Amino acid sequence: MTGGLLATVFGVSAKDGKTPGTTNAHAKQNMQHGGGMMNHGSGMMNHGSGMAMDLGPADANYDLRFIDAMRLHHRGAIAMAKEAQQKSKRPEIKSLARNIIIAQNREENELLRKWRQQWYPQASQEPVAYGGEGKPVVPMTKQQQQSMSMMMDLGTADAQFDLRFMNAMIAHHEGAVMMAQDALQKSKRPEIKQLANEIATSQQKEIAQMKQWRKAWYKQ
Numbered sequence: 467m468t469g470g471l472l473a474t475v476f477g478v479s480a481k482d483g484k485t486p487g488t489t490n491a492h493a494k495q496n497m498q499h500g501g502g503m504m505n506h507g508s509g510m511m512n513h514g515s516g517m518a519m520d521l522g523p524a525d526a527n528y529d530l531r532f533i534d535a536m537r538l539h540h541r542g543a544i545a546m547a548k549e550a551q552q553k554s555k556r557p558e559i560k561s562l563a564r565n566i567i568i569a570q571n572r573e574e575n576e577l578l579r580k581w582r583q584q585w586y587p588q589a590s591q592e593p594v595a596y597g598g599e600g601k602p603v604v605p606m607t608k609q610q611q612q613s614m615s616m617m618m619d620l621g622t623a624d625a626q627f628d629l630r631f632m633n634a635m636i637a638h639h640e641g642a643v644m645m646a647q648d649a650l651q652k653s654k655r656p657e658i659k660q661l662a663n664e665i666a667t668s669q670q671k672e673i674a675q676m677k678q679w680r681k682a683w684y685k686q
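All letters in the sequence shown, in the order written, are residues 467 to 686 by our numbering.
Since the hints were derived computationally from the structure, they do not count as laboratory data.
In this text, all values refer to a predicted model and were calculated from it rather than measured experimentally.
Treat each hint with caution, since some may be false.
Unchecked claim - For lysine-lysine, the following DSS-like pairs were computed, each having C-alpha atoms within a straight-line distance of at most 27 Å:
#, residue 1, residue 2
1, K580, K659
2, K654, K560
3, K548, K671
4, K548, K560
Claimed, not checked - Derived DEER-like restraints, expressed as beta-carbon distance ranges:
#, residue 1, residue 2, range
5, A526, A625, 36 to 44 Å
6, Q552, Q660, 26 to 34 Å
7, I568, T622, 38 to 46 Å
The C-beta atom is built at its ideal place from N, Cα and C for all residues, glycine as well.
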């Protein structure tokens with residue numbers, strides 16, 4: 467997958483700091499009808515149903531951009547999973563949420579954070595992104611960081627909560643899979659390639675499981 471095919475989550479490209487609100491009623495309604503997240507003309511593109519950040523070319527800073535993007539992405543998944551643990555009534559969803567929290571906490575804290583410190587000790591503590599030609603590393607704005615996490619307002623613990631959670635997490639996982647596939651092609655480090663393969667494999671399985679549940683529970 468080339469960088470040009472990678473989509474931009476909610477306009478998070480450092481070349482365009484604009485991002486729409488992630489908690490509006492329209493987005494919530496869309497999640498209840500199997501649509502996941504919508505493009506409202508502010509920089510987010512959707513290829514198939516996966517969404518991800520443009521990580522740029524396979525240069526010396528590629529792994530830094532991948533690490534920062536994936537760490538933020540993981541934090542969004544963990545936050546939504548914690549909400550599902552509190553609000554879902556289904557043991558299947560609670561178990562999935564627990565697995566997401568355990569796996570992604572490990573990946574962020576034991577792997578990605580450590581690698582950043584080891585490989586890029588001179589890098590800013592703030593997350594960075596690809597800024598376009600001639601700008602291999604630029605700081606992410608707070609707005610861009612929030613967009614990269616892809617956190618959604620999942621609403622109240624009602625009968626549609628699990629549907630909203632699954633729609634949001636499916637889209638979220640698809641974004642992670644796209645970034646992982648990009649890293650498999652562009653990263654030179656075996657550690658990144660191994661993690662990217664694990665992310666793609668495990669999250670594709672979880673996507674398939676959530677789609678089965680969605681069909682069984684909500685006929686979608």
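Status of the hints after comparison with the structure:
no., hint, verdict
1, K580 / K659, "holds, 16 Å"
2, K654 / K560, "violated, 37 Å"
3, K548 / K671, "holds, 20 Å"
4, K548 / K560, "holds, 9 Å"
5, A526 / A625: 36 to 44 Å, "violated, 51 Å"
6, Q552 / Q660: 26 to 34 Å, "holds, 33 Å"
7, I568 / T622: 38 to 46 Å, "violated, 26 Å"
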